[in-house]
Amino acid sequence: MIYAEFNCHYDLFMYYSSCHGLFISILFFQAYERGLMIAIIPFTSKILEPCQSSIAYRPPNPWTMGILSLLVEIYNLPNLKMNLKFDIEVLFKNLSVDMKDVKPSSLLKDRIRQIEGNPDFSNKDVSASQAPVVAEVSSGVMPTINHVEPQPEINSTSRATSLPNMLSQYAAPLRLPTNNMVEDDKSALIMPEQVSSLGLSQVSPSQTPSLSSSSFSLSQLIAAIPRADIYFRINEKLSSFGSLQYSKIMDMALDKAIKEIIGPVIQRSVTIASRTTKELILKDYAMEADDSAVSRSAHLMVGTLAGSLAHVTSKEPLRVALSSHLRSLIQGITNNTESTEQIMLILVNDNLDLGCALIETVATRKVGLYSLPLY
Amino acid sequence: MANLPPSLSIGAASFAAPSPPPPSPGASSSSSAAAAAAPGAAKDRKMASAEQLVLDLCDPELRENALLDLSKKREIFQDLAPLLWHSYGTIAALLQEIVSIYPSLSPPTLSPGASNRVCNALALLQCVASHSDTRIPFLNAHIPLYLYPFLNTTSKTRPFEYLRLTSLGVIGALVKVDDSEVIGFLLQTEIIPLCLRTMEMGSELSKTVATFIVQKILLDDVGLRYICATAERFFAVASVLSQMVQALADQPSPRLLKHIIRCYLRLSENSRACTALNSCLPNALKDGTLNNFLQDDHVTRRWLQQLLHNMTMAGMGGAPHGGLDHIMGM
Numbered sequence: 001m002i003y004a005e006f007n008c009h010y011d012l013f014m015y016y017s018s019c020h021g022l023f024i025s026i027l028f029f030q031a032y033e034r035g036l037m038i039a040i041i042p043f044t045s046k047i048l049e050p051c052q053s054s055i056a057y058r059p060p061n062p063w064t065m066g067i068l069s070l071l072v073e074i075y076n077l078p079n080l081k082m083n084l085k086f087d088i089e090v091l092f093k094n095l096s097v098d099m100k101d102v103k104p105s106s107l108l109k110d111r112i113r114q115i116e117g118n119p120d121f122s123n124k125d126v127s128a129s130q131a132p133v134v135a136e137v138s139s140g141v142m143p144t145i146n147h148v149e150p151q152p153e154i155n156s157t158s159r160a161t162s163l164p165n166m167l168s169q170y171a172a173p174l175r176l177p178t179n180n181m182v183e184d185d186k187s188a189l190i191m192p193e194q195v196s197s198l199g200l201s202q203v204s205p206s207q208t209p210s211l212s213s214s215s216f217s218l219s220q221l222i223a224a225i226p227r228a229d230i231y232f233r234i235n236e237k238l239s240s241f242g243s244l245q246y247s248k249i250m251d252m253a254l255d256k257a258i259k260e261i262i263g264p265v266i267q268r269s270v271t272i273a274s275r276t277t278k279e280l281i282l283k284d285y286a287m288e289a290d291d292s293a294v295s296r297s298a299h300l301m302v303g304t305l306a307g308s309l310a311h312v313t314s315k316e317p318l319r320v321a322l323s324s325h326l327r328s329l330i331q332g333i334t335n336n337t338e339s340t341e342q343i344m345l346i347l348v349n350d351n352l353d354l355g356c357a358l359i360e361t362v363a364t365r366k367v368g369l370y371s372l373p374l375y
Numbered sequence: 001m002a003n004l005p006p007s008l009s010i011g012a013a014s015f016a017a018p019s020p021p022p023p024s025p026g027a028s029s030s031s032s033a034a035a036a037a038a039p040g041a042a043k044d045r046k047m048a049s050a051e052q053l054v055l056d057l058c059d060p061e062l063r064e065n066a067l068l069d070l071s072k073k074r075e076i077f078q079d080l081a082p083l084l085w086h087s088y089g090t091i092a093a094l095l096q097e098i099v100s101i102y103p104s105l106s107p108p109t110l111s112p113g114a115s116n117r118v119c120n121a122l123a124l125l126q127c128v129a130s131h132s133d134t135r136i137p138f139l140n141a142h143i144p145l146y147l148y149p150f151l152n153t154t155s156k157t158r159p160f161e162y163l164r165l166t167s168l169g170v171i172g173a174l175v176k177v178d179d180s181e182v183i184g185f186l187l188q189t190e191i192i193p194l195c196l197r198t199m200e201m202g203s204e205l206s207k208t209v210a211t212f213i214v215q216k217i218l219l220d221d222v223g224l225r226y227i228c229a230t231a232e233r234f235f236a237v238a239s240v241l242s243q244m245v246q247a248l249a250d251q252p253s254p255r256l257l258k259h260i261i262r263c264y265l266r267l268s269e270n271s272r273a274c275t276a277l278n279s280c281l282p283n284a285l286k287d288g289t290l291n292n293f294l295q296d297d298h299v300t301r302r303w304l305q306q307l308l309h310n311m312t313m314a315g316m317g318g319a320p321h322g323g324l325d326h327i328m329g330m
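Chains as they are written, first to last, in full-length UniProt numbering: chain V, 1 to 375; chain G, 1 to 330.
Worth flagging that the hints you see were computed from the coordinates, not collected in a lab. The reader is advised that the hints may include incorrect statements.
Stated by the list, open to error - Label-pair distances were calculated between CB atoms; the ranges are:
(1) Gln331(V) - Ile136(G): 50 to 56 Å
(2) Thr337(V) - Arg225(G): 42 to 48 Å
(3) Ser203(G) - Met252(V): 54 to 60 Å
To be verified - Some chain V residues near chain G, calculated using beta-carbon distances under 8 Å:
(4) Arg275
(5) Glu279
(6) Met301
(7) Leu305
(8) Val312
Beta carbons are placed, not taken as given, at the ideal position from N, Cα and C, and that holds for glycine.
Just need the whole structure built from these sequences, with the hints factored in.
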C-alpha cells in the first residue's frame with residue numbers, strides 16, 4: 001500500500017507536469033540561451049529518473065520521449081561541457097534507453113545563445129572565433145608601411161638621374177641643321193598617333209575607375225613642379241632679333257606644350273613600366289619572404305622605367321607642340337616670318353631637354369602613387 | 001650537345017654577401033687550356049663559364065665584358081634563353097642597358113662603343129625572344145616596347161643603323177614561329193609604322209628584316225584583316241612597297257624582292273585589296289623588268305605569277321577602273 005501510494009503520488013505529479021509540458025520546453029530554451037543548462041539538465045535528470053518505475057510515463061511515453069529527444073540534441077552540440085554530457089548519459093542509462101535509438105530534435109537551431117562567460121560550453125569555441133580579428137589587424141598594418149617607405153628613395157634617385165643628364169645635354173655644342181627639321185616633322189607625323197594609340201589601347205577595364213582620380217593626381221603633380229626654379233636657356237644670338245621677353249614667351253609656350261602632350265605620354269609610360277616591373281619582380285623575387293624588400297625593388301624599377309620611357313617618348317611630340325606654341329607667340333610680336341622660324345628653332349633646341357626632364361619627373365612620381373598589383 | 005646543369009639556385013645568403021666572381025680572363029684562359037686536353041672537358045668548362053657570365057651581368061663592373069662574351073657564344077648554348085630569363089636580376093640588367101642610352105637617341109649622339117654594348121644586350125634578348133619556353137613571358141613583360149624608341153630613330157650613322165638592325169632582329173625572332181599571340185601583340189603596339197619607316201629609309205639589310213616582319217604579320221589572318229581594314233592603312237603599306245620596288249632598279253636585292261612579292265601576293269588574297277592593287281602595283285612587276293633577279297628563284301616566280309593571276313581575276317569581276325578610283329578615294 002505504501003508503494004502503491006507513492007507511485008500514485010508520482011504519477012499525479014507527472015500528470016500535473018505534463019499539463020504544463022510547454023513550461024518545461026520554454027524552461028529549456030531560456031536555459032540554453034542564457035547559459036543555465038548547467039542547472040536545468042541535472043534538474044530534469046532527477047525528475048525523469050523515476051519514470052522507469054511509472055506505468056504511465058515510462059518510455060516510450062511521448063511526453064517523456066520528447067524530452068529525451070531534446071536532450072539528445074543538446075548532447076550533440078559542439079563543445080558542450082563534459083559534466084553536462086555525463087548527466088545526460090547517466091539519465092539514458094537509468095531509463096534503459098539507448099541514445100542511438102532516439103532521434104534528436106531540432107528545436108535549438110534558430111536560437112542564439114550567449115557566448116561570453118557561458119558555463120555550458122568549453123573555451124575552444126571562443127578562441128577559434130578570435131583568430132580572424134588578429135589576422136585582420138596584422139593585414140591592416142602592412143600596406144601602410146609598404147606605401148610610405150619607398151617614396152624618398154624614388155625622389156632622390158630620379159633627381160640624381162635627371163640632373164647629370166640635363167647638365168651633359170646643355171654642355172653639348174649648339175646645332176641647327178636644317179635637314180633635321182624636315183626629318184623631325186616627318187617623324188612627328190607618326191609619333192603623336194602612336195603615343196595616343198598606345199595610351200588608349202593600354203588602358204584596361206580595371207584601370208577605368210582610377211582615371212578620374214588619375215587626372216586629378218596628374219594636375220596636382222603638374223602643379224607641384226617647381227617652376228620658380230626653372231631657368232630657361234636664352235641664346236645670345238637672340239638679342240640681335242630685338243629685345244623680346246624670351247623667358248616669358250618660353251615659359252608660356254612650354255607650359256601649354258607640356259599640358260597638351262603629357263596625359264597620353266604618362267599614361268603609356270606608367271602602364272608599360274608597371275606591367276614590365278610586375279612580371280620581372282615577381283619572377284626575380286619568387287623566393288623572397290621579405291615584402292618590404294620586394295616592394296622597394298619594385299618601386300625603384302618601375303620609377304626608372306617609367307621615367308626613361310616618358311622622356312624618350314615625349315621628345316618628338318613635345319618638340320612639335322613647343323614649336324607650334326612658340327611660333328604663334330612670337331608671330332604676335334614680330335612680323336618677320338623668317339626671323340620667327342629662327343628664333344623658334346633656337347629656343348626649342350636649347351630647352352627641349354628641360355621639358356622632357358620635367359615630364360620624366362612627373363612620370364617617376366606618378367608611378368609612385370600607384371600601388372603596384374604585385375599580389 | 002650536352003644540356004646545361006640545373007638552373008642556378010641563388011639563396012638568401014647570396015643576396016646578402018655575393019661571392020666575388022673569378023676574373024673573366026682567368027676563365028677564358030682555363031677554358032682555352034682545357035680545349036687542348038679533351039673535347040668533353042671543354043664543353044663542361046664552356047657551360048660553366050656561361051653560368052658565371054650570366055652572374056656577371058648583375059655586376060656593373062663586369063657587365064660589359066659578360067655581354068660581349070655571352071653574345072659571341074649565344075649560338076653555342078642551346079638553353080641560354082631559360083638561363084637568362086630565370087636567373088635573378090639578369091633581364092632587369094639588360095633593360096638597364098637599354099634605357100641608359102635613351103638620352104643619346106635625340107639629339108643623335110650614340111657612340112660606336114655604346115652602340116656595340118647595347119646591341120650585345122639586344123642579341124641576348126633575341127635569344128630569349130627565340131626560345132619556345134621564354135617567348136611568351138618575354139612578351140607578357142612587354143619588353144619589345146623598350147626597343148620601339150630605337151626603331152623610331154632616323155640618323156643614318158653606322159651606330160644607329162646597327163642599333164635599328166639589331167632591334168629589328170629581336171622583333172623578327174618573335175614573328176618567325178607564326179604565333180598569332182605574337183602578331184596580336186605587335187599589332188596592338190603599333191609596330192607597323194615603325195617597320196614602314198625602316199622600309200623607306202633603312203639600309204638594305206634593315207629593309208629586308210623590316211619587310212620580313214611585315215610579311216609575317218600579313219600572313220596571319222588577323223594581320224591581313226588589320227592592314228586591309230582601312231584604305232589609309234592599306235595604301236600606307238602599298239606605297240612603301242611600291243617605293244621599294246622602284247629603288248630596286250638602283251640597288252638590286254633578290255632577297256628583298258622576294259619578301260616584297262610575298263607581301264603583295266598575300267595582299268591580293270583580300271578581295272578589296274586585290275582590286276585596289278590594280279591601280280597601284282608597280283609596272284616593273286608586270287612588264288618583266290625584274291625578271292633577271294628571279295631567274296634562279298622558282299618559288300618567287302611562282303608567287304609573282306599567282307599575284308598577277310589574282311589581280312587579273314579581280315580586274316574582270318570588279319567595277320570599272322574609274323569607278324574604283326572614286327570608291328577608294330584617290
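### Task
Under 8 Å, Cβ to Cβ, is where Leu305(V) needs to be relative to chain G, so tell me if that hint holds or is violated.
holds (7 Å)
### Task
May I ask you to test the hint 54 to 60 Å on the CB atoms belonging to Ser203(G) and Met252(V)?
violated (43 Å)
### Interface hint status, Arg275(V) versus chain G (Cβ within 8 Å)
Status holds, d = 5 Å.
### Message
Given the hint of 50 to 56 Å, is the C-beta distance from Gln331(V) to Ile136(G) inside that range or not?
### Response
holds (53 Å)
### Query
Okay, Thr337(V) versus Arg225(G) on CB: inside 42 to 48 Å?
At roughly 46 Å between Cβ atoms, Arg225(G) and Thr337(V) fall inside 42 to 48 Å, so the hint holds.
#### Entry: Restraint outcome when Met301(V) is required to lie within 8 Å of chain G by C-beta distance
holds (6 Å)
### Task
Identify whether the interface hint at Val312(V) stands, where standing means a beta carbon of chain G within less than 8 Å of its own.
Nearest chain G Cβ about 4 Å off; hint holds.
### Task
Grab the minimum C-beta distance from Glu279(V) to chain G and call the hint holds if it beats 8 Å, violated otherwise.
Because about 4 Å separates Glu279(V) from the closest Cβ in chain G, which is inside the 8 Å limit, the hint holds.
Comparing the model with each numbered hint stated earlier shows that hint 3 is the single one that does not hold.
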